[in-house]
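Student: Sequence:
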Amino acid sequence: MSKGRAEAAAGAAGILLKYLREQNRPYSAQDVFGNLQREHGLGKAAVVKALEQLAQQGKIKEKTYGKQKIYFADQDQFDTVSDADLQGLDAQVVALTAKVYKERQKYCKEWRKRKRMATELCDAILEGYPKSKKQFFEEVGIETDEDHNVRLPDP
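Letter by letter, the sequence shown follows residues 109 to 263 of my numbering.
What the hints contain is simulated information worked out from the structure, not anything from laboratory work.
List of simulated lysine-lysine pairs, BS3-like, C-alpha gap at most 25 Å:
# : residue 1 : residue 2
1 : LYS157    : LYS175
2 : LYS241    : LYS221
3 : LYS223    : LYS210
The whole structure should be built from the sequences, with the hints applied where relevant.
Tutor: So this is what it looks like as structure tokens:
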């Protein structure tokens, strides 16, 4: 085993525990291995061993479905949330959604305005231009929304 992989395997339990707590969703050993292998260089055997160890220590929970084992963070470690807190968060989500929608409308309006200005300017230039609109756009290097199959969203 390489030196880097040995060090990674030694800290695997801490890495896996932190990962499962942050994600707060169930994972199989294969999923955890696939998600963390590039970042931390953990081998599959080290991941399985560390998950088994954490489950035996009671730091994470393990459920077996047939041959498949699923690991997830112990839900008792998380604080319970009151209904008032949930309602506050719901109100915050509604407010932020409205803000995003308003911003989207603002930027779509600006997009339309600028597109109209650019089109009018190009049309004015093309009145005295001897070639076609397509050739003019190629010479100048103008890329249109239609060239990239982009459509302005509805207001």
